[in-house]
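Novice: Residue-level listing of the chains:
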Amino acid sequence: MATILIPTPLRRYTNNLSKVTLQGEIISEVIDNLVTTYPDLQRHLMDSSGAVRPFVNIFVDKDDIRNLHAQNTSVSGTSVISIVPAIAGGNLNH
Amino acid sequence: MQNNSLFSKEELARYNRHIIIPEFGLTAQNKLKESSVLVVGAGGLGSPLLLYLAAAGIGHIGIVDCDIVEDSNLQRQVLFGVHEIGLSKTKSAKQRLQSLNPYIKITEFNVQFTAQNAMEIAKDFDVVADGTDNFPTRYLVNDTCVFLDKPNVYASIYQFEGNVSVFNYVDKEGNRGPNYRDLFPVPPLAETVANCSEAGVLGVLPGIIGSMQALEVIKVITGVGETLTGKFYTFDALTFESRTFNVKRDPANPVNGDQPTIHRLVDYEQFCGSRAIKGVLKNVSATELYEWQLQKKDLQIIDVREAYEYEIVNINSTLIPLSILTENLNQIDQTKKVIVMCKSGVRSAKAIAVLEDKYGYKNLYNLEGGIINYINELQLDLPVY
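Sequence lines, in order, name chains L and V. Each residue of the first sequence is one higher than the last, beginning at 1 in this note's numbering. Each residue of the second sequence is one higher than the last, beginning at 1 in this note's numbering.
Worth flagging that the hints you see were computed from the coordinates, not collected in a lab. Because the structure is a prediction, the values reported are computed rather than measured. Worth double-checking, as some hints may not be accurate.
Keeping only pairs whose Cα atoms sit at most 20 Å apart, straight-line, the calculated PhoX-like set for lysine-lysine is [stated by the list, open to error]: (1) Lys62(L) to Lys248(V); (2) Lys62(L) to Lys231(V); (3) Lys297(V) to Lys362(V); (4) Lys94(V) to Lys150(V).
If you want the ones that stay clear, here's a sample from chain V, every Cβ over 12 Å from chain L, calculated [as the list claims (entries may be wrong)]: (5) Leu12; (6) Leu26; (7) Gly86; (8) Lys105; (9) Met119; (10) Ser156; (11) Val170; (12) Arg243; (13) Asp258; (14) Thr261; (15) Val266; (16) Ser317.
Okay, the calculated bits of chain L under chain V, using three or more residues with CB under 8 Å as the criterion [as the list claims (entries may be wrong)]: (17) 22 to 35; (18) 45 to 57; (19) 69 to 76.
Glycine included, every Cβ here is placed at the ideal spot set by N, Cα and C.
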């Protein structure tokens, strides 16, 4: 089980929740549970093969899962998982 | 007593509150005076950033921006006032900053920062601060800093989110920190969130994040404190949650990893999937569309803006926001002329790129300049936003 922090641009897909707690012992299980609970999130986080999109960063506590064990990174009940998408600015013209 | 410092009596008085901090002192103030910083983007982030850098006494500030000041800037771009509307941002900024601090030098670059001019513009500055508002320029600033071996003090905002970091920074031990490509190897897809499916920013947010960016510039220059090198700071204005993540260099980084594959600046619009913006697509002008409508031509108008924008003003189009476009393909005709539109013509170009490249549409026309241009040319009584 772990707590996932949802970034503001994705909250429209989580009923405006900024934080959700879900079951899972490794990242892939928690993320699977997240997109099962909120199916509209799927295409923003994963490609068609189910891999996390390369422009979405996932951190467990302070560390990037790419520097841990990627989607096999273990989580515990006290883990905080952050989804950090790339953002560029507020300009409609780009 | 003789004043042997770099500073005049007036400057010493001006910077007194810096100089009397024991950890900062005249030494750090000297470093600020002898430094040069290039600020790319004089907008929401650039406003507080430039004001604080000028006030702090950075010796030479360069400002890159090709825009003019508009009404819609003033909600957050506190560098400007109503008297500057219609004037160039670099010129207005220079005047404002010089009135704030006449003891510093300001250089205007009233041009778009591009792969053609970036190296030449940035080469003489010690530090670059990225306050831009789009992905292609983010990657351009990053790569320019890597190739010129300069620190890139990064800040970014979107709606209620803010990010700050220091990229490509070499610490006192000679260790080079990560850069933007280590964190975000590729830009978001055009049709996913945070790449223009909708935009906007809460006005005070760039005030907060741009001030933090100024802080990091000052730390990079003076060596006071610990910079955000190897760290990525995020701030959520809605929950006040702020977190600092660790970022490491990626051996696969194409610009300075173990086996670099990019050795010079590239076409960043293409890299970020903005090929439609470069004009490959079929356009229709507002006047042409209006004539087609008068002739009652059999056509469909798809509006890819958000619902709240549609509510402000629409031209009897079918609303399918860009963020849910690909889930609503059944609403988009494959045979008759389909005009795709948005506010200014950029999101619609992205929508067309996706529909043509991934779904084989061949009957799509982009409304040039979007609904804003349509209103300005033909329907002045309708509201603009």
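Novice: Would you list, in rising numerical order, the hints stated earlier that this structure does not obey?
Specialist: 4, 10, 12, 17 and 19
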